[in-house]
Amino acid sequence: MNSPVSAANLPKPALPLLGIAVTALILAVVFASFYYLAFNPLDLFTVRAMSSIGGFVGRFFPPDLSAGFITKVAQGTIETLAISAIATLLAAVFGLLLALPAANRFGRPAQQAVRLILNFLRAVPELVWATLMVLLVGLGPFAGTLALALHTIGVLGRLFAETLENRSQAPARALVLSGAGPVTAFLYGTLPDAAPQLLSYVLYRWEMNIRMATILGFVGAGGLGQILYYELSLLHEPQAATVMIAMFGLVMIVDAISSKMRRLQIHAAG
Amino acid sequence: MSLGFTLNRVTLLHANGQCALKDISLQAKPGEKIAIIGPSGAGKTSLLNMLATALRPTQGSATIGEQAVWSLGKKDLRKLRARIGMVHQQAPVPPKQRVVTAVLAGKLGQWSSTRALLSLLYPLDIAGAWEVLEQLEISDRIFNRCDELSGGQLQRVGVARVLYQSPDLILADEPVSAMDPTLSDTTIASLHRAATARGVTFVASLHAVDIALKWFDRIVGVKSGEIAFDCTPDEVSPERLLDLYASESNVIPVQGVTDVSNIQNGIAPTRSRSCGV
Amino acid sequence: MCQTFRMALHPLDQGPVESSEMQQPVRRDPAARHRLTSLVLALLIIWPLLRIAQFDPAVIFEANNLEVFGNFLKQFFPPQTSQDFLLLLLKAVIETLAMATAGIALAVVLAVPLGLLLSHSLSISRLGPGPGRRLGQGIRTIARLLLLFLRGIPEIVWALLLVRVFGLGPAAGVLALAITYSGMLGKVYSEILEASDTRPARALLLAGSGRGMAFLYGLLPGTAQELTSYTIYRWECAVRASVIMGFVGAGGLGQLMDQSMKMLNGSEVSSIVIVFLILVLMADAISFFCRKLLA
Chain A
3 MNSPVSAANL PKPALPLLGI AVTALILAVV FASFYYLAFN PLDLFTVRAM
53 SSIGGFVGRF FPPDLSAGFI TKVAQGTIET LAISAIATLL AAVFGLLLAL
103 PAANRFGRPA QQAVRLILNF LRAVPELVWA TLMVLLVGLG PFAGTLALAL
153 HTIGVLGRLF AETLENRSQA PARALVLSGA GPVTAFLYGT LPDAAPQLLS
203 YVLYRWEMNI RMATILGFVG AGGLGQILYY ELSLLHEPQA ATVMIAMFGL
253 VMIVDAISSK MRRLQIHAAG
Chain B
6 MSLGFTLNRV TLLHANGQCA LKDISLQAKP GEKIAIIGPS GAGKTSLLNM
56 LATALRPTQG SATIGEQAVW SLGKKDLRKL RARIGMVHQQ APVPPKQRVV
106 TAVLAGKLGQ WSSTRALLSL LYPLDIAGAW EVLEQLEISD RIFNRCDELS
156 GGQLQRVGVA RVLYQSPDLI LADEPVSAMD PTLSDTTIAS LHRAATARGV
206 TFVASLHAVD IALKWFDRIV GVKSGEIAFD CTPDEVSPER LLDLYASESN
256 VIPVQGVTDV SNIQNGIAPT RSRSCGV
Chain C
272 MCQTFRMALH PLDQGPVESS EMQQPVRRDP AARHRLTSLV LALLIIWPLL
322 RIAQFDPAVI FEANNLEVFG NFLKQFFPPQ TSQDFLLLLL KAVIETLAMA
372 TAGIALAVVL AVPLGLLLSH SLSISRLGPG PGRRLGQGIR TIARLLLLFL
422 RGIPEIVWAL LLVRVFGLGP AAGVLALAIT YSGMLGKVYS EILEASDTRP
472 ARALLLAGSG RGMAFLYGLL PGTAQELTSY TIYRWECAVR ASVIMGFVGA
522 GGLGQLMDQS MKMLNGSEVS SIVIVFLILV LMADAISFFC RKLLA
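Residue numbers (my numbering), protein chains in the order written: chain A, 3 to 272; chain B, 6 to 282; chain C, 272 to 566.
Hints are not guaranteed to be accurate.
[Said to hold, decoys possible] Heads up, incomplete: computed chain A residues facing chain C, CB under 10 Å, no partners named:
1. P43
2. I55
3. E81
4. A84
5. V126
6. P127
7. R169
8. M214
9. T216
10. I217
11. G224
12. I259
[To be verified] Label pairs and their calculated CB-CB ranges:
13. B:N149 / A:Q199: 29 to 35 Å
14. C:A474 / A:I259: 50 to 56 Å
15. C:Q354 / A:A125: 24 to 30 Å
16. C:Q530 / A:L67: 25 to 31 Å
17. A:T48 / C:D355: 34 to 40 Å
18. C:D355 / A:I72: 48 to 54 Å
19. A:A125 / C:K345: 35 to 41 Å
20. B:K101 / C:T308: 18 to 24 Å
[As the list claims (entries may be wrong)] A few chain B residues that don't get close to chain A, going by computed Cβ distances all over 10 Å:
21. S7
22. K38
23. A59
24. R88
25. M91
26. A121
27. G156
28. D190
29. D239
If you're looking for bench data, these hints aren't it; they were derived computationally from the structure.
Using N, Cα and C, we set each Cβ at its ideal position, and we do this for glycine too.
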């Protein structure tokens, strides 16, 4: 029979050896990182470091609020919005076109090939695309628009394909049976119901693209980023401060609008 | 030009190994009106899907309009499909689409791409859609969204789409299962009228025997994937019907469209010619 | 195209129709006006935006541009694989990984107190009527605003500024990551703590324990897994961000790519891009593996 249950007989709880080992490993890696970089965060708190940081920060105040410069910043803001809007629009159209083969409406080999392209577009960061596009079309917002569009096509294409795959193909198939081509069958059979979800992806991506568009200018792709980079390289800190306030304000306003819209959407759907 | 068809020794196996149709041979001359009856799961839908070129026979051949369906190139297959109209059991329309667009989609196989695109923005043939919807008595719903319709109304939209397509072969898979007797009658009447007007072949699978007997010249009984009988309505005897539906119940399904009490009461019709299969 | 549109506005006649069957004349599409207005409005907005964004596809095909870019692309094959360069790549990769890890570590150190400050679960003033309610709310609002500010400015902007203070090199990148990610981590930590089962912590607080103890014994056990999981996910993002920050001089793989691009050295750029893609995949795999381990 079984031996009587007693404290001695209970299986010993395994020491969280794995947990301890992993934690130790993580801490070791962290310290190794600091060591490799020859970076000691405590150095920041020396009097010298703090006063130099303080001095640097001081040069930003007061920000330049002259009418002329504010106009320039306003134009930059509109340029940033334009870049993000056109790029997102292009990405929505081409992403949808590419989503059809990616969702297996044209056969397996096409699906694999297109998926590969979309993944590549997605994986390369927007800023890297921007440097490439500046090479292609020169400095300015056009490069930024193209760069954002290319990256977003990868993102939206994949999101769209997943949405399409999850939907019933019955309406589109019925249309194909009555002689329609795959694209028309999609437009009449699948799109009407998929449209709201696709649209919400587009809006969500637009919001993120506005954030991205503000910094693409660092490599010369237009918008507020280009103004900031320019002013900083000339050591015009007060002007830079104004641009940064504009950037921050833009992101905050977009954030507020989108969370309000999300709340409205939940109300409407409920 | 109306399409006839020939199914020659067709067997259909589903992906999971189930046998839907066993060694079926069925032939139709252009312009015939055929009703397919039988219990649920007998293979009626598979048979219709085969005729609609949605399913490919595992064995045997399918010829529609003198063309061997599965040796056609993509373009020719599309052209053939544009001449075949199928009313599905559940209308395959997206809920958010409006009735007018759903009906006009019937001619997508015949329209150019430009026309199809423009019609999405503004329906290019409202009058044509209105006319077919009027025959089915739902023209007042032409601009409603499909998710605002009842089951019976939605089925009629599916029928309207096929009517608008003006195909050379009309197929219908239980097109009136969600409708009351009067409506069923009107709907089948519209399909019948359209088929007769243009002399096209009309094949419908029906669960209700009385509708089949009333509207069709040829009754094909399907049971367990095989053809049980293939004859004119007069030659359909109560024994054969009971045998057909034995797996389902002891009662012959009717929808109250016509009086078939003599068959239900087991009285044999006057003509007792045997059916050839 | 024009002609078909004009046809569209006048519904086609399908031939003779019996007047007795028609109860109403065929109507025009009621949605047409609304759609037309939306279309016109959209065009009115998009057209100027296209001008502002200087959208001009013809520029792509200008002979000069195409030639320069084409030559650059041609250099992509084969990618640069010389011994010296590969060594440079390796160092850059290690530097990038070190930057990401150090940055996240600092961010965690900053985020934990901020998150705790922000979280309602440890708020004694919210337990019930008593002193300090206003003060508690005030502190939480300030903490929330601070986190918003830290998150709101992209890390690359911080990097650009910090490069002015600390010079070129990874130090600027580490601090930039620490600043922005402390904001993100702080917010998410507070959300995780609030969404968890707060009863053990509340019980401890009611029994008079200090906030620190209440956190360690009441909240941490239940939420540790989720907190760590999110932190590892952020580490993966940090790896990508470290590469980006290199473009403004913060070291690592990004700075290498920036230099190679400025010299129009296509083969080097293609090597770097390949290594970058591998790095991102690796970080993704490590992150996935660690999070699986936690579950």
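Task: Hint numbers contradicted by this structure - done: 7, 12, 13, 14, 16, 19, 23, 24, 25, 26
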